[in-house]
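Visitor: Listed below, chain by chain, are the residues.
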Amino acid sequence: MAENASQSGSQNGAVTLSRDKLLWIYQAMMRIRRFEEAAEEAFRNARMRGALHFYIGEEATATGICAELRTDDYITSTHRGHGHCIAKGGRLSKMMAELYGRATGYCGGKGGSMHIADLDLGILGANGIVGAGIPIAAGAALGAKLRGEDRVTVCFFGDGAGPTGAFHEGVNFAAVQSLPVIFVCENNNYGMATTSDKANAGPSIAGRGVAYGIPGVEVDGNDVFAVNAVAREAIDRARSGKGPTLIEAETYRFKGHTVHDMAPYRAKQELEAWLKRDPIERFKRVVESQNLLTAEDFDRIDEDVVREVEMAIEFAEASPFPPLEAIEQGVYAD
Amino acid sequence: MATPIKMPLLGMTMEEGIISKWLVEEGDPVTKDQVIVEFETDKINAEIEAPADGVIGGIAARAGESVKVQGIVAYVLAEGEELPAAEPVAEPVSETAAPPPPVAPAPQPVAPPPVATPPAQPVQAVTQTAPATAQVVQPVGGRIKASPLARRLAAEFGVDIALLQGSGPGGRIVAKDVHASADGARVAAPAPVPVPAAAPAAAGAVPIAGMRKVIADRMMQSLSTMAQLTLVTEVDATRFVELRTDLASQHEDALGFRISFNDLLARIVTRALVEHPHMNASLSGDEIVNNEHVNIGLAVEVPDGLVVPNVKNAQNMQLVELAAAFRKLIGSVTGGNLDLNDLSGGTFTITNLGALGIDAFTPVINPPECAILGVGRIIAKPAVVDGEIAIRQMMTLSLTFDHRLNDGAPAARFLQRISQLIEQPYLLI
Amino acid sequence: MTTTTAVAAVSQEAPQERLIFFNQALREAIDEEMQRDPAVFVIGEEVGIWGGAYKVTEGLLEKYGESRIIDTPISEALIAGAAVGASITGLRPIAEFMYSDFMGIAMDQIVNQAAKNRYMFGGKATLPIVYRASTGAGIGNAAQHTQSLEAWFTHIPGLKVVAPSTPYDAKGLLKSAIRDNNVVVFLEHKALYASRGNVPEGDYVVPLGVSDVKREGTHATIVTYARQVTFALEAAEQLAQEGVEVEVIDLRTLYPMDISKAVASVQKTNRALVVHEAVQFGGFGGEIASQIQQQAFDYLDAPVERLGALHSPVPFSEPLEFGSFPSVDRIVDAVRDLIVGV
Chain P
23 MAENASQSGS QNGAVTLSRD KLLWIYQAMM RIRRFEEAAE EAFRNARMRG ALHFYIGEEA
83 TATGICAELR TDDYITSTHR GHGHCIAKGG RLSKMMAELY GRATGYCGGK GGSMHIADLD
143 LGILGANGIV GAGIPIAAGA ALGAKLRGED RVTVCFFGDG AGPTGAFHEG VNFAAVQSLP
203 VIFVCENNNY GMATTSDKAN AGPSIAGRGV AYGIPGVEVD GNDVFAVNAV AREAIDRARS
263 GKGPTLIEAE TYRFKGHTVH DMAPYRAKQE LEAWLKRDPI ERFKRVVESQ NLLTAEDFDR
323 IDEDVVREVE MAIEFAEASP FPPLEAIEQG VYAD
Chain V
314 MATPIKMPLL GMTMEEGIIS KWLVEEGDPV TKDQVIVEFE TDKINAEIEA PADGVIGGIA
374 ARAGESVKVQ GIVAYVLAEG EELPAAEPVA EPVSETAAPP PPVAPAPQPV APPPVATPPA
434 QPVQAVTQTA PATAQVVQPV GGRIKASPLA RRLAAEFGVD IALLQGSGPG GRIVAKDVHA
494 SADGARVAAP APVPVPAAAP AAAGAVPIAG MRKVIADRMM QSLSTMAQLT LVTEVDATRF
554 VELRTDLASQ HEDALGFRIS FNDLLARIVT RALVEHPHMN ASLSGDEIVN NEHVNIGLAV
614 EVPDGLVVPN VKNAQNMQLV ELAAAFRKLI GSVTGGNLDL NDLSGGTFTI TNLGALGIDA
674 FTPVINPPEC AILGVGRIIA KPAVVDGEIA IRQMMTLSLT FDHRLNDGAP AARFLQRISQ
734 LIEQPYLLI
Chain G
5 MTTTTAVAAV SQEAPQERLI FFNQALREAI DEEMQRDPAV FVIGEEVGIW GGAYKVTEGL
65 LEKYGESRII DTPISEALIA GAAVGASITG LRPIAEFMYS DFMGIAMDQI VNQAAKNRYM
125 FGGKATLPIV YRASTGAGIG NAAQHTQSLE AWFTHIPGLK VVAPSTPYDA KGLLKSAIRD
185 NNVVVFLEHK ALYASRGNVP EGDYVVPLGV SDVKREGTHA TIVTYARQVT FALEAAEQLA
245 QEGVEVEVID LRTLYPMDIS KAVASVQKTN RALVVHEAVQ FGGFGGEIAS QIQQQAFDYL
305 DAPVERLGAL HSPVPFSEPL EFGSFPSVDR IVDAVRDLIV GV
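So the sequence lines, in the order shown, correspond to chains P, V and G. Taking the numbering used here, the leading residue of the first sequence gets 23, the next gets one more, and so forth. Taking the numbering used here, the leading residue of the second sequence gets 314, the next gets one more, and so forth. Taking the numbering used here, the leading residue of the third sequence gets 5, the next gets one more, and so forth.
One chain only, chain P, in its complex shape (with noise of 0.2 Å):
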């Protein structure tokens, strides 16, 4: 069975977490909120287009991972990637613009939000296909071990994952090969409408971890210490050639599945409710109450996310749109 990582967080001990890393969690997962706040008002507002899934709820899972993982770690993402790339050092600037289809976004606008991709910064690459990250992930963990060096990959994915071959696929492979991975399912209990329930058999996705002889540990996805300590603990083991960790985070997206999505499929009392877990407000509250952070922390904060996300849109909206001998290259390599 799965180990449940709960103990691991916040409710029950003191946080031991370094003031830069507070701040730094603080920032990441503000940096998120704000960023997708900003994009979906774009979007309502036409100036940009595409498929928007929103992150927002579940900051607390790629920043509490992404808090223990080096530049040169490498992470896969999923379409609902905004907060792996942010979490990961990725650009506002570089996002946005790319959001906006513009020449000065990370893909030079040939991806959109669904595929975004930092080499320089460990970040594989987003995806539109579901579950086609995890072998992918397996195999850049493969390409380290291979190489010898000591970098890790998370490969994020959903619960909509969970059925796909692709997964028992990559996982199996990466835990015959005991390779540096950690696999981390975030699950927000939806592929689009379908519950998780529905989709995935057995009582839990961490629990699989038995079935290919890997730990599988469930965790408080909204608590971002919790996550934190669980991550710490896999990439230690990743890292020191114990082989992956299956984590499953349990979340909430607070939007729909799409910018397009209202979600009518959702009661309203369960939004509510996971709205009290908001992860932000739960990080709050905890390193106030304990003395970690101040007011001021989070204002200085707040108003750096702030101006740094209008200066994303700026820079987006004063960004060109690709040439259109843009189309046809880049399909090759030289």
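Since the hints were made in silico from the structure, they are not lab data. Please note that the accuracy of each hint is not assured.
Going by beta-carbon spacing under 10 Å, a handful of chain G positions derived as facing chain P [said to hold, decoys possible]:
| hint | residue |
| --- | --- |
| 1 | Pro-77 |
| 2 | Glu-80 |
| 3 | Thr-93 |
| 4 | Pro-317 |
| 5 | Pro-319 |
| 6 | Glu-322 |
Remember, it's a predicted structure, so these values are computed and weren't measured experimentally. Even for Gly, the Cβ is constructed at its ideal location relative to N, Cα and C.
Position chains V and G relative to chain P; hints supplied.
Guide: Okay, now just chains V and G, sitting in the frame of chain P:
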């Protein structure tokens, strides 16, 4: 300037012609249109006429030798002129087609009056006259760039594609270029096959060179110069069928063939034409000429097209005579020895697509005639006879006529008369 | 009584226009066929509660229940393979892929299993499967949700491939596909779902393998299918202002392909432009062009021209996306080039 005499293309499958007999020798003077050599192909025996006045020179193939289509057979030289040097194809020549080249400019529509001329028209006029001055721009010996359609049309019209200037992308010869060339040739020289009845018919074998082109030109001419419309009616041909069956068996031994529906129809139509001379007419200038004679033509399919031989003075013939005359003509068609006279001077045409399962259609008038009768199949159908449903042999007739000469009612009366004679063939007696 | 007859007579003479959306037309086809035949069922991702990503199956869960409108997990290979198993044992599955791009995950089941089962096992089983999928670009869905992959499927013996352009055709063709005893890949361009057209109520079919002349013309022929039919018709309308009459042939079914109307048209116009949204290189247009030149060679006054997408994945950025595949303007230009000098 030396005018090359070329082996014409007579059909789509023709690749070469075999010289059978020279009627002139080197140095003989010839006049334009004089028959100078006979040749044969896989399908037909034919002749080549001198394309110009002059002296024969440079005979390139003797009797029994074969010449590729568009290959040079000989030249017509001006008095004292030398033969051209090798590679005659490279010579810029104004001739564009197998039919004789223009000597005197034929009456030809020239540029429209200069008043309020739309910009497109002068361009069009230039295009029309272009073939006369066309230069050879296609690479000699190299692949000529021409569209498949242009090649096919050129073959059908007997146009030498090597002499055309392509107006398509990259200088590709396209259909328009071939049409322009063929039009130029047609306007310049009258089509060699059928000639108006009024024209003196020159005896002699018919060069069916470029038959397709002739058909194409004449059909377009027909449709573009006449006001054609078609009347359709269904007739009860039961008695007509019975009569034909009787007649066929009665006369078979004596004639050596069975009288056909077409023979009987030709007799009926001839009778109706005598009674309705306005349908046996042609337009000559501003005058409607009612032809004295009924020269009744029958459209006959040949491997590469269609010919319409006609029986002269059909109005004087009994059925058996008429049938025998048609039999002889069709023999000439299949034997490849039709006389030009057989193809010219027709006054009315019957075209029968009944054997191919066609009922009604819109036949195109064979100019300068003013009407054509299309005959559909005979098929057993339920029909109402005296208030009862009976199985009758029904046939559809389609009469196309030129509204410039005749109005609907007189044309309808003519068709009505034909119908009557088919339904009650004893009225012929 | 008299009144009823009179009304019936009137409606027969001038049938009432009933404009419905493309996705509604598809829904009617599925609904009617499910009523007609209890062996028909729907399986796919979000076909039930969500009503299909493009709402094609909306309301059918309520009507037919979970046993015949089956929401699956995100498991494309399962969807394709379950359809194989269910069809072999007597059912008629309509399996939906949310995007044809996702069929990549199911290709083994579609190509190695569904398409080959009957032949490989000596004709034992019939596999009356319809694999439906949304296709196509134009709404900013980026590279993995926008492809036109029909050539993948037309290349596989054992598959039939359908790509309708109008609501009328969509309903009639889908009904034919459902009744067909073969594996039919039914490709629905996502930008067409919201298009409206006249669709009769009740049962009718459009047979597979019959192309359609969507507009008559004399100067050039456009042969196309799916959404590009609407572009071709718009282009034809523009060109008509210039006096250029374009004939538009909608293939409707890509396999079996009915090239006869295209050939007859080219015999008339002497010029052909093949258009599709898929990448031009290696695209299905090559097959169309090849058959036209084989069957109408002597009627061609210009090379058969092709217009397809540039050689790239579908880019996200709006100008790039619209620059990558044929547009009305590009079709107009291509026709103008085709008829140069005419």
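Visitor: Does each hint fit the structure? Answer for all of them.
Guide: Okay, the hints, checked on the actual structure:
1. Pro-77: holds (3 Å)
2. Glu-80: Since chain P brings a Cβ to about 8 Å from Glu-80 of chain G, closer than 10 Å, the hint holds.
3. Thr-93: violated (23 Å)
4. Pro-317: Holds. Min distance 7 Å.
5. Pro-319: holds (4 Å)
6. Glu-322: Hint on Glu-322 of chain G: holds, closest Cβ of chain P at ~5 Å, below 10 Å.
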